[in-house]
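The lines below spell out each chain.
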Amino acid sequence: MSGTWREEFPVREGDERYVTRRQFARFLVLTSLAMFAGNVWILAKSWLGKPARSLDMAIPGAALLPVGGSVVFDYPEPGDPCLLIRRSDHEFVAFSQKCTHLSCAVYYAKDTDQIECPCHNGSFSPRDGRVLQGPPPRPLPRVILEKRGEQLIAVGMTTESEG
Amino acid sequence: MERDKRLPALNGALGLIVLLLVVQMWLLTATLESYLAGHKEAAVSGAVISAILFAACGGLYLFVGRVDRKSTGV
Numbered sequence: 001m002s003g004t005w006r007e008e009f010p011v012r013e014g015d016e017r018y019v020t021r022r023q024f025a026r027f028l029v030l031t032s033l034a035m036f037a038g039n040v041w042i043l044a045k046s047w048l049g050k051p052a053r054s055l056d057m058a059i060p061g062a063a064l065l066p067v068g069g070s071v072v073f074d075y076p077e078p079g080d081p082c083l084l085i086r087r088s089d090h091e092f093v094a095f096s097q098k099c100t101h102l103s104c105a106v107y108y109a110k111d112t113d114q115i116e117c118p119c120h121n122g123s124f125s126p127r128d129g130r131v132l133q134g135p136p137p138r139p140l141p142r143v144i145l146e147k148r149g150e151q152l153i154a155v156g157m158t159t160e161s162e163g
Numbered sequence: 001m002e003r004d005k006r007l008p009a010l011n012g013a014l015g016l017i018v019l020l021l022v023v024q025m026w027l028l029t030a031t032l033e034s035y036l037a038g039h040k041e042a043a044v045s046g047a048v049i050s051a052i053l054f055a056a057c058g059g060l061y062l063f064v065g066r067v068d069r070k071s072t073g074v
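Top line first, the protein sequences correspond to chains A and B. FYI, the numbering for the first sequence is 1 to 163, going by my numbering. FYI, the numbering for the second sequence is 1 to 74, going by my numbering.
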């Protein structure tokens, strides 16, 4: 143990061990390799990632929602919260409830007619999910809705580029 | 290479590696941001450019090693 600290913090200047240029360059190149591996990982995710399933799911309680009201439901998988908003008698919109900044849960503020994130005061338009203010970098992913009879069905998700 | 030109060459090469690394870090975050926004086509160009930057860093590393060995003799 005492030998270790004597090596790390030598008394004599001549015993000091400095990082050589080659060691420093090797560290930088390994970091560069890690960055490249990150890019390859993103590429692999985009090629091998599961395609978005267009899973039809009836949204419970949609018909009972008052105008200006909102309800949270899970789509497309349990644990993927989405926000359904009734904007008028016949107009429903739904978005992912995860803020695109740091995944805080957003909510619909009826008085300002905005979808707001309480964490960093980001806000989104309830018309199309685009960012109105604050740090979120992207619009909210939108849930595609279809009305079948009395039921409101979620039929898929769309992101900024697909929308 | 002449002895008095070795040190500036080494410093320049190390500085260039750092610069390429900063660009590569920016590229990774930009590619991830694009991927999360649904622009999956950006992943291919991001990986290709990152590979080129990594190869450039590797080349500069070999250059640093060769010149440093000559100057130190180790």
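For the record, the hints were derived by calculation from the structure and aren't laboratory data. All figures in this text were calculated on a predicted structure; none of them were measured in a lab. One should not assume that every hint holds.
[To be verified] Here are the simulated lysine-lysine pairs, DSS-like style, with alpha carbons at most 25 Å apart:
id, chain 1, residue 1, chain 2, residue 2
1, B, 5, B, 70
2, B, 40, A, 45
3, A, 110, A, 147
4, A, 45, A, 98
5, A, 98, A, 110
6, A, 98, B, 5
Hints and how they fare:
1. Between residue 5/B and residue 70/B, the direct Cα distance comes to roughly 12 Å. Compliance with the 25 Å bound is thereby established for this hinted pair.
2. At roughly 9 Å between alpha-carbon atoms, residue 40/B and residue 45/A fall within 25 Å of each other, so this suggested pair holds.
3. With a CA separation close to 23 Å, the supplied pair residue 110/A and residue 147/A stays within the 25 Å bound.
4. Distance restraint check for residue 45/A and residue 98/A: the Cα-Cα separation of roughly 21 Å lies within the 25 Å cut-off, and the hinted pair is therefore satisfied.
5. With a CA separation close to 18 Å, the supplied pair residue 98/A and residue 110/A stays within the 25 Å bound.
6. With a C-alpha separation of about 56 Å, the suggested pairing of residue 98/A with residue 5/B is violated against the 25 Å cut-off.
Checked against the numbered hints given earlier, this structure breaks only hint 6.
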